[in-house]
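The listed protein sequences derive, respectively, from chains A and B. Note that the first sequence covers residues 34 to 349 in the numbering used here. Note that the second sequence covers residues 1043 to 1359 in the numbering used here.
Simulated from the structure, these hints should not be mistaken for laboratory data. One thing to keep in mind: the hints can contain errors.
Computed spacing ranges between beta-carbons, pair by pair [what the hints assert, rightly or not]:
1) B:Gly1083 - A:Leu339: 34 to 42 angstroms
2) B:Arg1121 - A:Ile167: 43 to 51 angstroms
3) A:Gly158 - B:Gly1083: 22 to 30 angstroms
4) B:Val1060 - A:Gly158: 53 to 61 angstroms
5) B:Pro1342 - A:Gly158: 37 to 45 angstroms
6) B:Val1060 - A:Gly260: 30 to 38 angstroms
7) A:Ala136 - B:Thr1220: 23 to 31 angstroms
8) A:Ser254 - B:Thr1220: 25 to 33 angstroms
9) A:Ala273 - B:Val1060: 49 to 57 angstroms
10) A:Leu339 - B:Ala1120: 29 to 37 angstroms
11) B:Gly1100 - A:Leu335: 30 to 38 angstroms
12) A:Gly166 - B:Ala1120: 26 to 34 angstroms
13) A:Ser254 - B:Gly1358: 49 to 57 angstroms
The C-beta atom is built at its ideal place from N, Cα and C for all residues, glycine as well.
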Amino acid sequence: MLTYAIKRVGLAIVILFTVMFAMYALVFLVPGDPASLALGPRATPALKAELIARMGLDRPVPVQVWNFFASALHGNLGYDVWSRRPVAAQILEVFPNTLFLGAMALGWAAALGVALGCLAVVWRGTLIDRLLGILSVSMIAVPPFVIALYALAVFAVWLGWLPAIGAGTPGDPVSQFRAVLLPAFAIGITWVGYLARLVRASMLEVMGANHIRTARAFGLSEARIVGRYALRVAIIPTIAVLAVGFGSILSSAVFVETVFSRPGIGMLIVSAVAKRNYPVVMGTVLFMTAFYLLVVTAADLLIARLDPRVRDAFRG
Amino acid sequence: MTAPLLDVRGLSLSYGPVRALRGVSIDARAGEIIGIVGESGCGKSTLASALIGLPAPGATVAGEVRIAGEDFLALPEARRREWRGARVAMVFQDPMTSFNPVLTLGDQLVDFQHRSPVPRAEKRARAAAILARVGLPDPDLALRRHIHELSGGMRQRAAIAAALLMRPMLLVADEPTTALDVTMEAQIIHLLRELRAEHQGAIVVITHHLGVIGELCDRVYVMYAGEVVEEGTVDEIYHSPRHPYTRALIDCDPAHIDGPAGRLPTIPGRLPDLTGTLRGCAFQPRCPRAGPRCLALAPPRVAFGPTQAAFCHEAGR
Ligand SMILES: Nc1ncnc2c1ncn2[C@@H]1O[C@H](COP(=O)(O)OP(=O)(O)O)[C@@H](O)[C@H]1O
Ligand SMILES: [Mg+2]
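So here's chain A without its partners, still in its complex pose (with noise of 0.2 angstroms):
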């Protein structure tokens, strides 16, 4: 267990430095040096000097990598072109928000997507599974900005029951989680379909093998034998995907925080971008990939507890 831990924290680190590099060379690779890009048409020759000079874009490019990496590991991403704020503080101080929309939305979509799957496959082959397939269906194919969208305009617009915009008043749980039931509501349904047909998949898959023949041999009531026998393996695969679904809700953040103007790492990025901060940006990403990584990863070792024979295969 331990050496599959080591080797799946090495895959990870491997990976970060990869997308790293891949970041620099697309900084690199996009016309005009990020200096004068930032800058625009106000760039004067002194201004992109000291620019240069401030970004460190005048000494060679590995030098500016192994620099990069080596104040990324000291929790130093660089400084903001325009405030000279660090970018660390920046991200640290709006991730919270990020983080509680996106485990709020995964949340509500793992605990409805995994119930209502496990009901289409106690009802298999009745309208009930049927209608939930329709439902699921509908649930991923309407875009989440839509969903967004019209949330806003009903429960916030029209209904007036909840805020339309911004994370709630810091150190005030009830209006932060009021502030984030919409944008959490509208990224989460999305993957409330695609789990519950997920979790559908792989029980009824589970439901055909020979030990849950023996669990009903001995009398197990259906029930049971779903929310115990079935279960415990079919979530196995659920956990693998629901990880990959953290980052993808995460991606999701750049637009309903747009949308619900809502602090976070989305709202930090599309600002960084449009205004050519690219410390901002370079910092934002490799923080957000790095804690994509941890939760993959996570996810791995987890399943690896989860299922002995996936433990005993990486063992010693």
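With chain A fixed as given, assemble chain B with the ligands onto it according to the hints.
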């Protein structure tokens, strides 16, 4: 004579067009071990699934399976569920895939006693006691193990232990030794013989291996293409087989071949297509003694004494 504990009358089962069982009748009394033997694909596992009322989804079943006088198959599903494990228990063919891969053996053996009102700790203790009884060296450790962590012999013992948990009156064991090497097989046979002495009910042992039957059973049913073709005591079947198929099976048994066997003899031909109705005798295309009647008419039951009978036109001649 007491009424049989298990009484199967005219049991038929179809998987869509495939008629896997065609009018099977068998019986077993309390304390008796009966064997069901036949080559692979003749419907043995199908018969086992019907005996516990759990045929594959989509299969249609007709006929009676009476257990202690009650028609098990005619009961509502809720009642059948109450019987399973408690009155009728099954040892499945492949113990590796027959246990849940992510739950521990202990969790499952406790779950399988869900009808018993005793506390969890007591169920666990009972599971450990049964595992010890079937010869697992360290039962408490085994309870904490997953099925893939046990050896083949231990898995098979665990499967037998599971079936014995609730002291069922009918125990069905499908190929209990097929997955094992010769030494393990001998040990499992020895175990089943011991259990038979303690067990009050009836045991049905299903195998394609005649040797197992000879060492374990009182009476034998020989199956061919979804039908019983001959029944009798072990002695009768071994020493005076009447059905040509039974003879062929015995001739192919490695234990019966004297001298250096170059190649194992096999029965020429293969099982008939089970879809649709068979005319005449199912074994007729492979039978060395087949006559014109065998082509046209279903074979009659010919009795040879009180315990032996064969379904064959030629057996009586
Ligand atoms: N679930 C099923 N669906 C369709 N056909 C099946 C199914 N199970 C078994 N059969 C067929 O029924 C026949 C008997 O199979 P089985 O009972 O497994 O034989 P045995 O256990 O004697 O080897 C075979 O022809 C097999 O292909
Ligand atoms: Mg079989």
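Next on the checklist: Range first: 37 to 45 angstroms. Now tell me if the beta carbons of Pro1342 of chain B and Gly158 of chain A are that far apart.
Outcome noted: holds, 44 angstroms
Next on the checklist: Holds or violated: the 26 to 34 angstroms window for the beta-carbon distance between Gly166 of chain A and Ala1120 of chain B?
Outcome noted: holds, 28 angstroms
Checklist entry - Could one say that the CB atoms of Ala136 of chain A and Thr1220 of chain B fall in the range 23 to 31 angstroms? => result violated, 51 angstroms
Item to check | Outcome for the supplied range 29 to 37 angstroms, where the beta carbon pair is Leu339 of chain A and Ala1120 of chain B | outcome: holds, 32 angstroms
Checklist entry - Should the hint that Ser254 of chain A and Thr1220 of chain B are 25 to 33 angstroms apart at their CB atoms be regarded as holding? => result Given a distance of about 31 angstroms, which is inside 25 to 33 angstroms, the answer is holds.
Checklist entry - Has the hinted range 49 to 57 angstroms been met by the Cβ atoms of Ser254 of chain A and Gly1358 of chain B? => result holds, 52 angstroms
Checklist entry - Do Gly158 of chain A and Gly1083 of chain B keep their Cβ atoms within the hinted range of 22 to 30 angstroms? => result holds, 29 angstroms
Item to check | Cβ separation of Val1060 of chain B and Gly260 of chain A, checked against the hinted range 30 to 38 angstroms | outcome: With Cβ atoms ~33 angstroms apart, the hint holds.
Checklist entry - Taking the beta carbons of Gly1100 of chain B and Leu335 of chain A, is their distance inside 30 to 38 angstroms? => result holds, 37 angstroms
Next on the checklist: Quick check: does the Cβ-Cβ distance between Gly1083 of chain B and Leu339 of chain A fall within 34 to 42 angstroms?
Outcome noted: holds, 38 angstroms
Item to check | Ile167 of chain A and Arg1121 of chain B - C-beta distance against the hinted 43 to 51 angstroms | outcome: violated, 36 angstroms
Next on the checklist: Quick check: does the Cβ-Cβ distance between Ala273 of chain A and Val1060 of chain B fall within 49 to 57 angstroms?
Outcome noted: violated, 38 angstroms
The structure shown violates the earlier hints numbered 2, 4, 7 and 9.
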